[in-house]
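Chains as they are written, first to last, in the working numbering: chain D, 1 to 325; chain L, 1 to 327.
Possibly wrong hints are sitting among the right ones.
Listed next, with one range per pair, are the computed distances between beta-carbon atoms [to be verified]:
(1) Leu97(L) <-> Leu14(D): 53 to 59 Å
(2) Glu213(D) <-> Leu45(L): 48 to 54 Å
(3) Gln282(D) <-> Asp156(L): 29 to 35 Å
Chain D side only, calculated, beta carbon under 7 Å to chain L, not exhaustive [stated by the list, open to error]:
(4) Phe94
(5) Leu145
(6) Val281
FYI, nobody ran anything at the bench for these hints, they're computed from the structure. No residue lacks a Cβ here, since even glycine has one placed at the ideal position from N, Cα and C.
As a plain string of letters, each chain reads:
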Amino acid sequence: MLAFAIRRLFEAALVMVTVALIAFTLFRFVGDPVNQMTGQDTPLEDRLKLRQELGLDDPIAVQFGRFLSGAVRFDFGISYQMKQPVTAIIAERFPATLELALVAALFAVALGIPMGVYTGIHRDSWLAKIFLSVSLVGVSLPTFLIGILLIYVFSVKLGLLPSFGRGDVVQIGFWRTGLLTASGLKALIMPAVTLGLFQMTLVTRLVRSEMLEVLRTDYIKFARARGLPERSINFGHALKNTLVPVITVIGLQLGAIIAFAIITETVFQWPGMGLMFIQAVQNADVPIMAAYLLLVAFLFVLINFLVDIIYVRVDPRIRIYGRAA
Amino acid sequence: MTESIAPSSAAAASSQTDRRKPAQRSRLAAFLDSDLLHSFLASKLVVVAALLTALIFGAALLSPLIAPHDPYDLKSLSLLDADTPPAWLAGGDRNFLLGTDDQGRDILSTILYGTRSSLEIGICSVLLAIILGLSLGLWAGYAGGRIDTAIMRIADVQLTFPAILTALLIDGVAMAILKNHTIEGGKFWILVLAIGLSFWVQYARTVRGVTLVERNKEYVEAARLIGIGPFKIMFQHILPNVLGPVLVIATINLALAIITEATLSFLGVGLPPTEPSLGTMIQVGNKYLFSGSWWMVAFPGVTLALLALAVNLLGDWLRDALNPKLR
Numbered sequence: 001m002l003a004f005a006i007r008r009l010f011e012a013a014l015v016m017v018t019v020a021l022i023a024f025t026l027f028r029f030v031g032d033p034v035n036q037m038t039g040q041d042t043p044l045e046d047r048l049k050l051r052q053e054l055g056l057d058d059p060i061a062v063q064f065g066r067f068l069s070g071a072v073r074f075d076f077g078i079s080y081q082m083k084q085p086v087t088a089i090i091a092e093r094f095p096a097t098l099e100l101a102l103v104a105a106l107f108a109v110a111l112g113i114p115m116g117v118y119t120g121i122h123r124d125s126w127l128a129k130i131f132l133s134v135s136l137v138g139v140s141l142p143t144f145l146i147g148i149l150l151i152y153v154f155s156v157k158l159g160l161l162p163s164f165g166r167g168d169v170v171q172i173g174f175w176r177t178g179l180l181t182a183s184g185l186k187a188l189i190m191p192a193v194t195l196g197l198f199q200m201t202l203v204t205r206l207v208r209s210e211m212l213e214v215l216r217t218d219y220i221k222f223a224r225a226r227g228l229p230e231r232s233i234n235f236g237h238a239l240k241n242t243l244v245p246v247i248t249v250i251g252l253q254l255g256a257i258i259a260f261a262i263i264t265e266t267v268f269q270w271p272g273m274g275l276m277f278i279q280a281v282q283n284a285d286v287p288i289m290a291a292y293l294l295l296v297a298f299l300f301v302l303i304n305f306l307v308d309i310i311y312v313r314v315d316p317r318i319r320i321y322g323r324a325a
Numbered sequence: 001m002t003e004s005i006a007p008s009s010a011a012a013a014s015s016q017t018d019r020r021k022p023a024q025r026s027r028l029a030a031f032l033d034s035d036l037l038h039s040f041l042a043s044k045l046v047v048v049a050a051l052l053t054a055l056i057f058g059a060a061l062l063s064p065l066i067a068p069h070d071p072y073d074l075k076s077l078s079l080l081d082a083d084t085p086p087a088w089l090a091g092g093d094r095n096f097l098l099g100t101d102d103q104g105r106d107i108l109s110t111i112l113y114g115t116r117s118s119l120e121i122g123i124c125s126v127l128l129a130i131i132l133g134l135s136l137g138l139w140a141g142y143a144g145g146r147i148d149t150a151i152m153r154i155a156d157v158q159l160t161f162p163a164i165l166t167a168l169l170i171d172g173v174a175m176a177i178l179k180n181h182t183i184e185g186g187k188f189w190i191l192v193l194a195i196g197l198s199f200w201v202q203y204a205r206t207v208r209g210v211t212l213v214e215r216n217k218e219y220v221e222a223a224r225l226i227g228i229g230p231f232k233i234m235f236q237h238i239l240p241n242v243l244g245p246v247l248v249i250a251t252i253n254l255a256l257a258i259i260t261e262a263t264l265s266f267l268g269v270g271l272p273p274t275e276p277s278l279g280t281m282i283q284v285g286n287k288y289l290f291s292g293s294w295w296m297v298a299f300p301g302v303t304l305a306l307l308a309l310a311v312n313l314l315g316d317w318l319r320d321a322l323n324p325k326l327r
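All chains, please: the whole structure from these sequences, using the hints.
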């Protein structure tokens, strides 16, 4: 178990260094930071001096080392566009994205699992067929179209929900939350549904196929023969055994949710990291792009690592492979 | 999803005669008797999806001929025509069947031209992904050892990130590098590159898996013994074995590539508004949603959704039909 964890940790570190190298290459070779920081009439001597002060004349390896040590301390320099430290901008934006992603994941699980169980048990009923057709449409429709459709129905036509922003927020320490006010919660509904819909269809389909598989096994037949009530067979015995792959997929999807938040945040003008990243891409704001890249990579690697570890704890077969290797 | 009710024994027999280059049976006859066609006609939904796909592809291909207006022709545009609702609504103009956008462009014509650019980008980027993934997968599987490890490790790292993020990043980097040079039509190839590079992993993994199995078979050994070079073995002997799964992935990827292009354009980092694509149209129309001009976003949106759904259904069916385990 320990060897397995260490090996995984080593691989994770390798991924992070690779991503850092890409981010650094961005920094170093995309545009000249001196040009970005000075005006047209800056004399050449000043430019050279600035180059030296920024350490751009040092060997590449030294510069990469400096970039890495900065990244470890969450120091990514100053945004070209907003003239603020990147770290401050991200600290301001991160809570908004995390709240959105968690609520979206909650929505996906809370609706996806019951729908999956239902379509698994009553596989030929018309309601199950409707669920599955809807889920196919959900997979095919681009996220931003769903968002626009929701805005048109609930904001433009019915005027029920706000179409942009987070609503009122409450500051708790460094965390600015929208979960504690009525308008904040109202503003959260449509973005969370838009973001979570794809994952919901994914969970539904996964739970359904797992349920179909488990319901065929002998111990379910035996439970039936013992005369246990359907309810306890379906939920106590069957569902419980489908949960391992479901947990894995949900964990891995959490990363995808954070990535797809870029689209949802643009549609709803949600002041999170995704919107920040899109603006950075549009303005070629390299420090923000590099920081976002590293942060997302870190989240992905962390989630992957945790899922791997949970998997090993749950499934003993992997543990044996880990020991053998 | 599609329940394929194909006569499996006849199908197996016919596919066997296929392999032996039948002299007495024409290819057409073999195709008409194949299980692929049977399972195709067995599902009405798939036939509808195929017709819809053909219709959209055809309309997009013929857009210069059938579009009532030319959205690229700036001279013919008039701001006086801007924001006209569809013809059947009050204030509509029979000249603009589906209304006009904020520049006075005819929505129907722009959709036709826009679908064309969306399809062009989608097809080009899938082709790029196939070429890259196929070559790297064959190479990794055939060479094995360190090359295999290196290629597959890169693939694993890239697979950690969703394709849309990779595409966004490549797009952003390309834009940053080319910020000071504007190349005519350059955005098109940047998008193809961004989407193509974010999709290659799936092909590489599939092709590598098949290659690993095939390279130890006797016919490859025989080919090697009579002195055929590794390139010829890879591309002429092993490649035909992977074409089925690659075709399936390509179909599903086409829908994904079209959606990704539309998403990038919607996010404002795709095609510029002067070169209409479905995503750009939706982005522009989205700004006018609150003023009640729903047609600017609704018609391109429906076109995009139908296109993606139809291609997805085709891909789903193809996967089931070509998978021998599901027969």
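To see whether the hints hold, each was checked on the structure:
1. Leu97(L) and Leu14(D) have their C-beta atoms about 57 Å apart, which keeps the hinted 53 to 59 Å range intact.
2. For Glu213(D) and Leu45(L), the hinted distance range of 48 to 54 Å is not satisfied, since their beta carbons lie about 25 Å from each other.
3. Range check, Gln282(D) to Asp156(L): Cβ separation about 30 Å, and the 29 to 35 Å hint holds.
4. Against a cut-off of 7 Å between C-beta atoms, the interface hint on Phe94(D) is violated, since the closest Cβ of chain L lies about 17 Å away.
5. Given hint, Leu145(D) at the interface with chain L, holds; its Cβ is 5 Å from that chain's nearest Cβ, closer than 7 Å.
6. Annotation: Val281(D) was flagged as interfacial toward chain L, and the flag holds, the nearest CB pair being 4 Å apart, inside 7 Å.
In this structure, the earlier hints numbered 2 and 4 are contradicted, and the remaining ones agree with it.
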